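Novice: So the sequences go chain by chain: Y and C. The number in the working numbering is simply the position in the first sequence, starting from 1, with 35 added. The number in the working numbering is simply the position in the second sequence, starting from 1, with 979 added.
FYI, nobody ran anything at the bench for these hints, they're computed from the structure. Note that this is a predicted model, so its numbers are computed, not measured. In this text, a Cβ means the ideal position worked out from N, Cα and C, and glycines have one as well. Some clues are possibly wrong.
One side only, chain Y facing chain C, incomplete, derived with CB under 10 Å [what the hints assert, rightly or not]:
| hint | residue |
| --- | --- |
| 1 | F94 |
| 2 | A224 |
| 3 | T244 |
| 4 | I452 |
| 5 | W488 |
| 6 | V492 |
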Amino acid sequence: MLFNSFSFAIFLPIVFAIYWLLPHKFRWILLLIASYYFYMSWNVKYVILILFTTAVSYFAAIYIEKAKDKKRKKCVLIWAALLCLGVLFFFKYFNFATESISNILSLFTIQISPLTINLLLPVGISFYTFQTLSYVIDVYKGEVKAERHFGYYATFISFFPQLVAGPIERTRNLLPQIKERHLFDYSEATYGLKLMAWGYFKKIVIADTLSRYVGTVYDNPQQFTGFSLVLASLFFTIQIYCDFSGYSDIAVGTAKLLGINLMNNFQSPYFSQSVKEFWSRWHISLSTWFRDYIYIPMGGNRVGKAKKIRNLMVTFLVSGLWHGANWTYVVWGGLHGLAQSIENLFVSKKKQSELTGRIKWGRVALVFMFSTVAWVFFVSNSLSDAIYVFQHAFDGISAPLAYLRDGFSKIYIDWTILLKMVVMIIPLGIYDYVSLKKDVIIEIGKKSLIKRWTIYVILLLVIVFFSQKGIAAEFVYFQF
Amino acid sequence: MKKFLIKILIILTIIAAIVLIVNEIYIRNVSWHTDDIYAYESMPSELQICNFGSSHGVYGYNYENYEEKYNCFNFGLVSQSLSYDYRLFQNYENHIGKGAVVFITISYFSLFGKDETLEDDFESKNKRYYSILPPSLIKKYDFTTDLYTYKLPILGIDPEVMWGKMVRSVLRIEEPQEVVDEDIVSTENVDLHEDAKKACGRHVDNAGKHDENGNFIVNQEEVQALYDLIHMCKNKGAIPILIITPYLREYTDEVKKVDGFYEQFYELLSEIAEKESVEYYDYAFDERFNARYEWFMNSDHLNETGAKEFVDILMKEIVFKKGYL
Chain Y
36 MLFNSFSFAI FLPIVFAIYW LLPHKFRWIL LLIASYYFYM SWNVKYVILI
86 LFTTAVSYFA AIYIEKAKDK KRKKCVLIWA ALLCLGVLFF FKYFNFATES
136 ISNILSLFTI QISPLTINLL LPVGISFYTF QTLSYVIDVY KGEVKAERHF
186 GYYATFISFF PQLVAGPIER TRNLLPQIKE RHLFDYSEAT YGLKLMAWGY
236 FKKIVIADTL SRYVGTVYDN PQQFTGFSLV LASLFFTIQI YCDFSGYSDI
286 AVGTAKLLGI NLMNNFQSPY FSQSVKEFWS RWHISLSTWF RDYIYIPMGG
336 NRVGKAKKIR NLMVTFLVSG LWHGANWTYV VWGGLHGLAQ SIENLFVSKK
386 KQSELTGRIK WGRVALVFMF STVAWVFFVS NSLSDAIYVF QHAFDGISAP
436 LAYLRDGFSK IYIDWTILLK MVVMIIPLGI YDYVSLKKDV IIEIGKKSLI
486 KRWTIYVILL LVIVFFSQKG IAAEFVYFQF
Chain C
980 MKKFLIKILI ILTIIAAIVL IVNEIYIRNV SWHTDDIYAY ESMPSELQIC
1030 NFGSSHGVYG YNYENYEEKY NCFNFGLVSQ SLSYDYRLFQ NYENHIGKGA
1080 VVFITISYFS LFGKDETLED DFESKNKRYY SILPPSLIKK YDFTTDLYTY
1130 KLPILGIDPE VMWGKMVRSV LRIEEPQEVV DEDIVSTENV DLHEDAKKAC
1180 GRHVDNAGKH DENGNFIVNQ EEVQALYDLI HMCKNKGAIP ILIITPYLRE
1230 YTDEVKKVDG FYEQFYELLS EIAEKESVEY YDYAFDERFN ARYEWFMNSD
1280 HLNETGAKEF VDILMKEIVF KKGYL
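Start from the sequences and build out the full structure, keeping to the hints where you can.
Specialist: Spelled out as C-alpha cells, the structure:
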C-alpha cells in the first residue's frame, strides 16, 4: 500500500478514527494490526521475515540484559546481528555476492557460473533490520532497557508510517511514545496534515513528473548523447530528493496525526556548503545510524588523519552497499567518502558565519554539482552506463545553442514543460531556504486566515490537478 | 478534535467544489472523448442497421448515404474484441429494433491468441468503455480509472498537457498545429508492402500464439462471446450477419504466408456460422476492392469513400436483396 494510493487514502482515516476512539491501553494493538496489514498489502509471505527479525531481536535483547557475563552478552549480540543481517544478506545480497565472486575468479581464469536465487526483495527490509540492530546494540551498551512487552516492541519495529522507508527510528525516541498516553493535539495534527500535503506535492507533483524524463534517458542511456544526459542527471538530483524527502514528510505527518513524533529525516540538503554538511542534512536517520554504529566504534574523528579517512571510506562504502546490491551504489558511497576525506584534508575549517556570501553560494553550488555527479552512479543500472553518461554528456557542446536545443528536444521537453519545472522547483527552493532558519509550516500558520488558507487551497489544488494520476508510482527508496 | 474535523471538512469541501466546477467547465468546453465515443451519446433508438467490430468495423462502414432513411449506428471501436462487442450489445440492446440487421465484423485476430486483458495496452483501450458501459460490463473495473476517465475527466488529463494549454491561454499563444496524417485518407504515401507486413505481424503472427502442434490457439472467451452475441441478436429478433471486411491484396498476400492460418480461421468461422445458422460474407478477397487503392487508407482499412462503397454493396447484395428492410 503506497502512501500515494487510494487504498492509503481509505486506510489512514480509518486508522486515525479508531485510534482516537480507542482507550489508550488498546491503541498499540490497533497500530500493530494496522502496521502488519500495511506491510502484508505488498506480500503476505514476507510478514514471516519481519516477525522473525522482531522475535530474534526481542529475545536477544532480554537475554543480553539478563546475562551477567560480558562475553556472553557479546556472543548473543553477535548471534542476533548475524541472524538479522543474515536474512537481509540472503534476500538482498546473495546474488550480488555470488556474481561478484564469480567475476573475481574469472579474472584468474577460473570460470564458475554464479549460483543465483530468484527472490523478490522484501520491501523495507533494510530499514527494519537496521532499526532492530540499533535496538539490540543500544541494549548491549546499556543505553536502553530491553522491552519486555512483545506487543509494544513489535509495534515499534513495524510502525507503519516509517516501516518501509524510514526514518530509521531509535528506541529512545519511538518506543516510549508507543507506550505513552496521547491526548489529541490539534496543532500537532494540523501540522502533520500540512507536512503530508507538502510531502505529496514533492512526491506526486515534482518527483513523479521528473521521473518520466529521468526514466526515458536512464532506462537506455546509450540512445542519448549531449545535454539530454546532463538534463536527466540534474532532474534525478531533484527527483530523488523530492521522492525520498516527500516520503519522509508524509511518514512524519502521518505519525503526527497519531500523536507520535518521528525524527526529521531531511533538512534542506542541497543548501549544504560541504559534503559533510550534506550528510548531516540528507537521510539523517541513516547517516546518524552509520555514525553511531560504524564510524564512532571504529574510532571516528578521535584518531589520526589516515585512520579517520579509513573510517570515513569504510562507513560510506557500507552506506553505498546498504542502498543496493550493485557496484554502482558502492561507487556512489565511495565518492561521498572520498569527497569528505578531501574536505578533511584540504578545505579550510573557517566557521560558516565567517565566509562571505559569494563563497558560501559557491560552496553550495559545488556540493550540488558533486552530488549530481555522484547520483549518476546511483541512478545508472550499471557502471558501464554511468561511464557512458560521463563520456557523452558533453558531446556537441562546441555549438552551445544546438547542444541545449537538442538536449531538450531529445527528451521531448518544450518551453512550456521547462517553465513548469521552474515554477514547480521555485517553491521547493524557497521552502528549503527558509527552512534553514525557520519552520515554514509554523511561519505560514502565523499569517492571516485568508493568506494561509489561500496557500493551503492552492497547494492542494496543485496536487489534485498537476499530479501524475492513474499511476501510483513507487517511491525510489522502497527498493532498498 | 471537533475543530480539527470541521476544518478538514471545510477545506475538502472547498477543494471538491473547485474541482467539480472546473470539471464541469472542461466537459462543456473541451472535446474530451474521441468522436466515436461521442457518437454513443447521440445513438438513435430503434436501430435498423448497425455493425460491431474493431478498427475494421470503425473504418469499414459509413452509413452517411442511408442515414436519412434508416436508423444506423457503428458500434466499432479500434482494437475492440468480440467480448466487448457482446458487452456493448448487452448494454444498448434497447436501442436495437426488431428485425434490425447486425453486421458482426470478424477480424483475423479476433478469434485467436491470448487473453485480451494480458495485452500491454489493455488498460488504455479499456478506459474507453468507462464512458459508454456500466461498471458491471467493464473488464477489470477499477474505481480510480473510472474517476479519472469518466466521472472527473479533468483529473485524467496529462498534467503536462494541461499546463501547456494553461500557459498558452494565459500568454495568448496559439496551440501548435497538429500534423495531419495524410495516410488516414489515402494510401498514396503508404508503403503498402511494409504496412501489410506490419499489420499481418500485429494481427496474425503475434496475436495468435501457436500451441505445441503449431496450431493457432483459439481464444475460447472470444469465440464464446461471438456465440453469445449471435444468440442475443436472435433473441432480440435482429438478424446477425458475420462479415469480413475488404482488404487490399498486399495484406491478404501477407496473411497467406502465415502457415496454416487461413485454413484454421475459415474452418472455425464456418463451424460457428453453420452451428448457429447465420450468414457469413467474406469480402477479404473481393476483386472489387482488393486493388482499389483509392478506397483504402492502408493495406487493411477502408477510407471514407471505401466505407461508403462497402455499405452500398452490403445494402444491395444482402439487406435489400434478402428483403431484410
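Novice: Are the hints correct? Go through all of them and say.
Specialist: Quick rundown of the hints versus the structure:
no.	hint	in the structure
1	F94	39 Å, violated
2	A224	5 Å, holds
3	T244	7 Å, holds
4	I452	6 Å, holds
5	W488	8 Å, holds
6	V492	6 Å, holds
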